[in-house]
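Can you make the complete structure from the sequences, with help from the hints?
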Amino acid sequence: MSELEIIGKSPRRVDARGLMTGAPVYGVDYEMAGMLYAKVLRSPHPHARVIAVETEAALALEGVRSVLWWRSVPQIPHATSGVPHPEPAPYDTCLLNSTVRYVGEPVALVAADSEQLAEKALSLIKVEYEILPAVLEAAEAILPGAPQLHQQVTISEPGLKLIHDPEHNIAAHVDYRFGDITAAFAAADIILERQYETPTMCHCALEPHNSTAYLDAADRLVIVTSTQVPFHVRRQLARALGLPVRRIRVIKPRVGGGFGGKQEMVLEPLVAALALATRRPVRLIMTRAEEFAATRVRHASSVRVRGGVTRDGRLIALEMYALSNTGAYGSHSLTVADAIGKKTMGLYRAQAYHFVADAVYTNRPIAGAFRGYGATQGYFALESFIDELAAELQLDPLDFRRRNHSQRGDYDAMSYKHGPNGFEPGRAFNSFGLPECIEQGQKLIGWYDPRPKDEGPVKRGLGMAICMQGSGVPKMELGGATLKLNDDGSFNLLTGATDIGQGSDTVLSQIAAEVLGVALEDIIITSSDTDLTVMDYGAYASSTTYVTGMGVKLAAEDARRQLLAMAADMCETDPATLSIKQGQILSPHGPTGLSLADIAQETLYGGHRTQIVGKGDWTNPESPPPFYAQFVEVAVDTETGLVQVLRAVNVIDLGKAVHPALASGQVEGSVTMGLGFALTEELLFDANGKPRNPAFVDYKVFSPLDMPQMQTILVEDPEPTGPFGVKSVGEVAINGPAPAIANAIYAATGVRLRKLPFTPSRVLEALEAGVGVRGRRIQD
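Here the sequence shown stands for residues 4 to 783, numbered as in this note's numbering.
No farther apart than 25 Å at their CA atoms in a straight line, the calculated lysine-lysine pairs in the DSS-like style are these: (1) Lys-462 - Lys-758; (2) Lys-584 - Lys-12; (3) Lys-693 - Lys-703; (4) Lys-129 - Lys-693; (5) Lys-693 - Lys-123; (6) Lys-487 - Lys-584; (7) Lys-584 - Lys-618; (8) Lys-618 - Lys-478; (9) Lys-420 - Lys-478; (10) Lys-758 - Lys-693; (11) Lys-462 - Lys-446; (12) Lys-446 - Lys-456; (13) Lys-758 - Lys-703; (14) Lys-618 - Lys-487.
The calculated label-pair distances, taken between Cβ atoms and stated as ranges, are: (15) Pro-663 - Arg-406: 30 to 38 Å; (16) His-171 - Pro-663: 47 to 55 Å; (17) Leu-447 - Pro-723: 24 to 32 Å.
No wet-lab data here; the hints were simulated from the structure. Cβ coordinates follow ideal geometry from the N, Cα and C atoms, glycine included.
Here it is, written out as structure tokens:
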């Protein structure tokens with residue numbers, strides 16, 4: 004590691020000039036001759052059958068080229084979640100559905116010569132609906148007699164273990180046990196049970212969803228779309244349209260933020276259907292109100308935690324039940340519900356674990372992937388609960404965590420699988436910087452320092468939480484790259500990975516440059532085009548640097564072997580004695596006088612004519628977790644209920660920082676979203692299921708004026724399975740702020756809040772109740 008030239012440094016981003024000057028072409032910048040503009044007529048009802056759609060008046064407008072509704076498009080059930088095949092989601096939706104299941108669901112599509120004309124056409128379309136009963140809350144949707152939202156649901160593979168029960172509105176069910184939970188609770192001296200509530204939350208990427216579709220000269224369907232998952236979109240779009248995959252090309256332009264909201268097929272089928280109908284380019288851009296109402300949201304969840312401890316403070320039994328509101332369609336129902344417990348509970352040692360989750364259909368907007376991916380909901384519950392256990396035992400919550408968290412060399416208890424020899428361990432905690440994260444964080448926040456007593460209405464308190472996440476989905480990811488040598492010794496790096504603003508183009512270029520012994524500017528990266536780049540599963544599950552980064556490293560090593568073999572032949576020596584530094588070929592005795600440009604000239608135009616192309620791809624056997632410690636100091640105004648975060652100390656074990664500045668930025672961006680999750684963000688609905696606050700003026704995201712003093716520390720404990728020792732960094736920090744703030748509020752006021760967000764009215768209500776909402780202690 005000490006000899007690294009580029010890894011571990013923070014060079015200028017490879018896309019910095021374009022970002023600063025506005026040069027990158029986002030999807031909304033695409034213009035084509037003859038382009039049409041699309042608009043969507045959306046349902047005003049949460050649940051209704053679409054009986055008939057009158058389109059004649061709209062089509063009579065000059066310049067309106069097409070109006071489509073469900074009878075005009077293929078009715079092929081499919082999934083929309085951007086995950087590998089076989090999809091762990093029900094095939095429960097069509098391109099346009101004959102039954103609409105949430106306010107804002109597409110009913111009809113218009114393509115016209117201008118956006119204004121398309122809007123006018125929408126106003127002329129008349130729809131006959133049969134109104135059906137609706138249900139908005141997950142707890143109500145599973146009660147006997149609740150309206151049934153889906154009659155028939157299929158799955159991608161007959162043998163796929165997807166437990167769902169549409170008759171009772173269950174989109175997915177999880178039941179996981181490790182150890183004898185009954186015996187563990189029987190051995191406990193104290194048993195505690197609490198319930199926690201998390202809200203519907205919006206992604207709020209600055210760039211709205213947008214897609215452009217056109218037919219190329221070969222009559223292939225080309226989609227230019229703001230997506231995190233181009234290859235998954237291609238596969239799912241082929242199914243939705245009934246087309247072969249070879250007829251479809253997906254191009255990802257510059258993406259202005261995703262956070263999981265673009266790990267989904269949202270607009271692509273709509274513009275594709277219009278382009279096929281009109282045989283002209285069609286572009287569709289969502290409005291901000293549509294972004295809130297009709298894209299994807301975070302699953303609102305209710306999480307009940309039950310734990311058993313000994314009197315000396317040892318956790319021996321841990322149980323969790325999660326009820327998740329997946330909205331109108333299954334999408335990421337199973338995988339997010341699964342993650343609420345399986346990404347969280349294994350952080351702590353216990354004798355036994357039991358996790359159950361139900362993801363429930365309701366007439367709400369579709370819930371999908373969101374940064375943190377279920378762990379955010381799970382950690383708010385778990386890390387609040389751990390503090391409550393510590394309080395019950397009259398122990399310091401930091402000391403209680405140190406006594407009970409997992410250790411280096413442990414296996415994640417929630418990752419064990421049934422194998423031929425019984426229960427087999429899953430991921431191991433090989434790199435484990437959590438103790439150092441806790442140690443550094445507590446010193447910076449002054450956890451054990453004497454604190455003056457607060458005078459007056461404003462009370463201050465410290466809180467903490469610890470978390471882990473993952474680095475891709477183990478044994479289920481694929482990422483890679485090709486590297487091509489150019490005439491001047493530079494390289495084209497082609498990868499299917501998708502930079503959505505997080506800086507992966509820069510990080511992957513650093514990995515390639517480090518292996519090849521060249522400058523960063525000698526790497527020219529292209530990502531991502533399903534026709535040109537190798538397969539990559541996309542930007543999700545904190546996988547890009549760990550999974551695709553290893554693919555890039557392998558491709559660069561392949562190219563490097565070819566370069567040194569060619570140099571050895573030209574120098575008449577052994578390739579094992581040669582190396583590359585700053586684009587020059589070195590021998591044990593010093594420079595050989597050969598450069599990579601010389602090798603390029605020889606291979607492209609000289610006597611050794613061959614194209615040097617390196618290829619590498621990788622699927623990850625592990626999903627090593629980054630570990631994270633969050634410390635906060637809050638001030639609570641007991642007269643108004645206002646909670647302010649004064650300081651946030653963020654400490655992460657990320658294995659190895661490829662680009663420390665980008666890594667720190669990822670952590671602080673996650674923390675900012677976590678602060679919003681804790682204090683301000685909640686999508687509200689009226690009795691009809693219509694969003695009440697679909698705009699930034701009413702839906703409050705954190706701004707620079709709201710930010711606390713922040714310190715971010717990177718702890719490096721290299722991961723043996725990662726390229727150059729890396730693990731992920733992008734998601735884990737979003738999980739820390741909410742429980743840490745809840746714990747700090749309790750430290751400041753003695754009031755325990757279990758429902759997010761902690762708005763002034765909720766805090767004031769709890770304060771006025773005197774002792775807050777206390778859970779019950781259960782003695783067996």
